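Participant: Take a look at the letters that make up each chain.
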Amino acid sequence: GIQVEQSPPDLILQEGANSTLRCNFSDSVNNLQWFHQNPWGQLINLFYIPSGTKQNGRLSATTVATERYSLLYISSSQTTDSGVYFCAVEGRETSGSRLTFGEGTQLTVNP
Amino acid sequence: NAGVTQTPKFQVLKTGQSMTLQCAQDMNHEYMSWYRQDPGMGLRLIHYSVGAGITDQGEVPNGYNVSRSTTEDFPLRLLSAAPSQTSVYFCASSYGGIHSPLHFGNGTRLTVT
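Chains as they are written, first to last, in this note's numbering: chain A, 15 to 125; chain B, 223 to 335.
Here chain A stands alone, though its shape is the one from the complex:
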């Protein structure tokens, strides 16, 4: 099946810093989504982005499907951005059925 690799596995920032999280995938995808899991365990959908670029406030995401990667940018980070960021893809093999998740990037933003 499709493989999803996220980097870096851990990231520690000072409040106000910018960061880039990366998601690489091993095959063509129909669908790619980014999620944030906050310290209380809640999973929030950030972006549905199979291709192109989207922005939502301080967060933006870019997917280059032909090169099999996606990037999540966090600008002017805040302590509330802490948590785990997951990338999930719908591979062509399992089209219509499931998202395959990466192992996530643990982000800690210190005041």
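These are calculated hints, taken from the structure and not from any lab test.
Computed from a prediction, not measured in an experiment: that's the story for all the values here.
Glycine included, every Cβ here is placed at the ideal spot set by N, Cα and C.
You may find that some hints are simply not true.
[Stated by the list, open to error] Some but not every residue of chain A turned toward chain B, in silico, with C-beta under 7 angstroms:
1) Asn45
2) Pro53
3) Gly55
4) Gln56
5) Leu57
6) Asn59
7) Tyr62
8) Glu104
9) Arg112
10) Phe115
11) Glu117
Using the hints provided, position chain B relative to the given structure of chain A.
Facilitator: Relative to chain A, chain B alone:
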């Protein structure tokens, strides 16, 4: 709208016991799914449903059953709990199938002793 509601939030079972994790959504979403989250392994799909009366297996279906009698509800049954099923379970739904943003419930933390 309540979104995706999971109950209970916490549960402790003894090996061999059975139980049902409840999931309900009020967004008229066709697609519903169950994931388990284990440390260092991300989220893995257990079962999913693309509509009422239709279910299928995901990546790790053994030891679990599901049914989808209504659009709103998608319960997950543990037939005979094992310590390996200790995990956090998430229910998720989306409108129009997997090709739409996925919305998660708040999770059920299950411990099997």
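Participant: Hint by hint, where does the structure go against what was stated? Just the numbers, ascending.
Facilitator: The structure conflicts with hint 2 only, although it agrees with all the remaining ones.
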